[in-house]
Amino acid sequence: DSGVTQTPKHLITATGQRVTLRCSPRSGDLSVYWYQQSLDQGLQFLIQYYNGEERAKGNILERFSAQQFPDLHSELNLSSLELGDSALYFCASSAADTQYFGPGTRLTVL
Amino acid sequence: DAKTTQPNSMESNEEEPVHLPCNHSTISGTDYIHWYRQLPSQGPEYVIHGLTSNVNNRMASLAIAEDRKSSTLILHRATLRDAAVYYCILRPSFAYGNKLVFGAGTILRVKS
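Chains as they are written, first to last, in the numbering used here: chain B, 14 to 123; chain P, 2 to 113.
Same shape as in the complex, but just chain P (with noise of 0.2 Å):
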């Protein structure tokens, strides 16, 4: 399984934007990048995927490095509810319903 290196742990205020970094430098071409969030005391929770170009839905958006090396999970604006553990996951695109391999993640404190 490939590899990914996230900072263990970040801060951010009150409807301010999160720039959430992951580094993937040993990604293949088949892999798709994905990001769970797991509040507390809750299971993950799905937040957004993608292969090579920069997607954006309604809980955040994921910008993908040219390289495809890195990636960044933007939170445009932080609420107390995002305070959470965020995993970036890499996932081969031919592995339908394969398993999520979670790191350590990056843990976000939500200041007020």
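Just chain B, same shape as in the assembly (with noise of 0.2 Å):
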């Protein structure tokens, strides 16, 4: 158990439709950061959060957006969902050099 804790574990839903995926980062890391893993593309960065601030992006689309709170739990928002979406989201934390990761929310679109 890494820590991370990830929710929903899975999610069906329709093609145009928007979801949100909620990260709880590891007691104490500041950081959080989301990838997706696809079929075709791999394991890709998407964005990092770091203690609420936006520190880097990656290959995220504008139909996708995130923030980190306060409490330092993080979400993921897809919008206008394609087919294309579906996939594995993983969310991660750190707090030196190792990244933890979540057990991920995998996405079935329509």
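Be aware that a few hints might be false.
[Stated by the list, open to error] When the alpha-carbon atoms are kept at most 20 Å apart in a straight line, the in silico SDA-like pairs for lysine to any residue are as follows: (1) Lys70/B / Asn99/P; (2) Lys4/P / Gly55/B; (3) Lys112/P / His20/P; (4) Lys70/P / Ser26/P; (5) Lys22/B / Leu40/P; (6) Lys22/B / Gln43/P; (7) Lys22/B / Ser42/P; (8) Lys112/P / Pro8/P; (9) Lys4/P / Phe58/B; (10) Lys70/P / Pro8/P; (11) Lys4/P / Lys112/P; (12) Lys4/P / Gln54/B; (13) Lys22/B / Glu46/P; (14) Lys22/B / Gln39/P; (15) Lys4/P / Arg69/P; (16) Lys70/B / Pro93/P; (17) Lys70/B / Gln80/B; (18) Lys70/B / Phe103/P; (19) Lys22/B / Pro41/P; (20) Lys70/P / Thr6/P; (21) Lys70/B / His20/P; (22) Lys4/P / Ile65/P; (23) Lys4/P / Asn72/B; (24) Lys70/P / Gln39/P; (25) Lys4/P / Arg59/P; (26) Lys70/B / Thr6/P; (27) Lys4/P / Gly71/B; (28) Lys22/B / Leu101/B; (29) Lys4/P / Asp53/B; (30) Lys4/P / Gln57/B; (31) Lys22/B / Thr121/B; (32) Lys70/P / His20/P.
[To be verified] Counterexamples of contact, computed for chain P against chain B with all Cβ distances above 12 Å: (33) Glu12; (34) Pro18; (35) Glu46; (36) Arg59; (37) Ala61; (38) Lys70; (39) Ile75; (40) Thr80.
I should point out that these hints are in silico values taken from the structure, not numbers from a laboratory.
Idealized CB from N, CA, C, for every residue including glycine.
Take the two lone chains, each set in its own frame, and fit them into one complex as the hints suggest.
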């Protein structure tokens, strides 16, 4: 158990819809990262937050947004969903050089 | 981001040592070598990291070539639970809290 929790575990929705994925980092970790894992693209970095502020952006679509709240949990919002957004979404947190990953949320867009 | 090259897949017998190679010929002097693994249906998991010297921890050992252009992750006694995708990742030492750039990794199969 990494100490990082993600909800929900599974999400099935339709094209055009909007969903929110939630991540709770390990106690005391200020950095939260979001990654997407799909069959054709592999594991890709989306975005990082540090203590509530956006720190780095990767290949995140404009339809996607994230935020980190004062209690350090983070949410990833995905809107106008397309079939290609079906993937595993992982959250990770870190305090130093090591990242600790959550179990992921599997998103299926029908 | 500096690139790493790993074999697509490797196979090992249970209870035997496994040597997973990684080439990183364009590594810079400030890049740490990190290894993560991803077990089936789980998120990636940190294994080990190092800069120049060989490193050991409870999970594995990391052997780094003198010129740092390659490294080897060593699992001393493979178990069925070690079957996973292993990722070798370079990360600048000044990039505290920076993203991880994952390649395709090496799929390790362990036979009983």
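Hints, one by one, checked against the model:
no.	hint	result
1	Lys70/B / Asn99/P	holds, 10 Å
2	Lys4/P / Gly55/B	holds, 15 Å
3	Lys112/P / His20/P	holds, 15 Å
4	Lys70/P / Ser26/P	holds, 4 Å
5	Lys22/B / Leu40/P	holds, 17 Å
6	Lys22/B / Gln43/P	holds, 11 Å
7	Lys22/B / Ser42/P	holds, 11 Å
8	Lys112/P / Pro8/P	holds, 18 Å
9	Lys4/P / Phe58/B	holds, 16 Å
10	Lys70/P / Pro8/P	holds, 16 Å
11	Lys4/P / Lys112/P	violated, 30 Å
12	Lys4/P / Gln54/B	holds, 16 Å
13	Lys22/B / Glu46/P	holds, 18 Å
14	Lys22/B / Gln39/P	holds, 17 Å
15	Lys4/P / Arg69/P	holds, 13 Å
16	Lys70/B / Pro93/P	holds, 17 Å
17	Lys70/B / Gln80/B	holds, 12 Å
18	Lys70/B / Phe103/P	holds, 15 Å
19	Lys22/B / Pro41/P	holds, 15 Å
20	Lys70/P / Thr6/P	holds, 11 Å
21	Lys70/B / His20/P	violated, 34 Å
22	Lys4/P / Ile65/P	holds, 16 Å
23	Lys4/P / Asn72/B	holds, 18 Å
24	Lys70/P / Gln39/P	violated, 24 Å
25	Lys4/P / Arg59/P	violated, 27 Å
26	Lys70/B / Thr6/P	violated, 25 Å
27	Lys4/P / Gly71/B	holds, 17 Å
28	Lys22/B / Leu101/B	holds, 10 Å
29	Lys4/P / Asp53/B	holds, 19 Å
30	Lys4/P / Gln57/B	holds, 15 Å
31	Lys22/B / Thr121/B	holds, 11 Å
32	Lys70/P / His20/P	holds, 16 Å
33	Glu12	holds, 21 Å
34	Pro18	holds, 24 Å
35	Glu46	violated, 7 Å
36	Arg59	holds, 14 Å
37	Ala61	holds, 14 Å
38	Lys70	holds, 22 Å
39	Ile75	holds, 19 Å
40	Thr80	holds, 19 Å
Of the numbered hints given earlier, the model fails hints 11, 21, 24, 25, 26 and 35; all others are met.
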